[in-house]
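Chains as they are written, first to last, in the numbering used here: chain S, 1 to 113; chain W, 1 to 107.
You can take every hint at face value.
Straight-line Cα separation of at most 20 Å, DMTMM-like style, residue types lysine to aspartate or glutamate; simulated pairs:
#1 W/K94 to S/E56
#2 W/K3 to W/D67
#3 W/K94 to W/E45
#4 W/K94 to S/E44
#5 S/K14 to S/E78
#6 S/K11 to S/E78
#7 S/K11 to S/D86
#8 S/K71 to S/D24
#9 S/K11 to S/D24
#10 W/K94 to S/E28
#11 S/K57 to W/D93
#12 S/K71 to S/E56
#13 S/K57 to W/D92
#14 W/K3 to W/D92
#15 W/K69 to W/D92
#16 W/K94 to S/D24
#17 S/K14 to S/D63
#18 W/K69 to W/D31
#19 W/K99 to W/D82
#20 W/K3 to S/E56
#21 W/K94 to S/E52
#22 W/K99 to S/E44
#23 S/K71 to S/E28
#24 W/K3 to W/D93
#25 W/K99 to W/E11
#26 S/K71 to S/E52
#27 W/K3 to W/E66
#28 S/K57 to S/E44
#29 S/K57 to S/E68
#30 W/K3 to S/E44
#31 S/K11 to S/E83
#32 W/K94 to S/E68
#33 W/K3 to W/D31
Calculated directly from the structure, the hints in this document are not laboratory data.
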Amino acid sequence: DTGVSQNPRHKITKRGQNVTFRCDPISEHNRLYWYRQTLGQGPEFLTYFQNEAQLEKSRLLSDRFSAERPKGSFSTLEIQRTEQGDSAMYLCASSLHSNSPLHFGNGTRLTVT
Amino acid sequence: DAKTTQPNSMESNEEEPVHLPCNHSTISGTDYIHWYRQLPSQGPEYVIHGLTSNVNNRMASLAIAEDRKSSTLILHRATLRDAAVYYCIPRDDKIIFGKGTRLHILP
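Extracted from the complex, chain S is given alone in its bound form (with noise of 0.2 Å):
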């Protein structure tokens, strides 16, 4: 059990370019969750997926954002066209079941200039 993965660490970007991140959870976790969290406040929920589906999405998640969990394994975290207000910390959670503790990794920290 190596924990969760998160990569890139660190990511800096220009505004209106695109960025994709990675998480790989612990193994034979089903539930896979993502957050944003900005200086200051507490880490704000996106989405989360059981397996390979995607069973919620923030209604504060605007269209450009994109996640994926094709084969249940590993995710992926995608916003189209960036935008200063992007710039967060980007955490990924798993767990083992749904009412079992998360395990988070490090995040990726973004920064849009």
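Dock chain W against chain S, hints included.
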């Protein structure tokens, strides 16, 4: 989604017990109460969870009120490494974080 109320910040002396309160009066009957903490520059870390009975693990204890509308996380002997933001969360399908309590430990 059940809402929670926690103090914005608390302070404690090193090596003393700390009691972190949380109100979750709208919690549903089947939601577990989860506690997480977040150290600077890290992702949140699971601390403890429970449903109705008090719970203990190597990190902390969780005391749950009989009506389940509140709970208290207990750190028995705080160290400087316990300085973090602590989040109390009723666990449903997704975990919704509030603002949490920032715990300061004084040496």
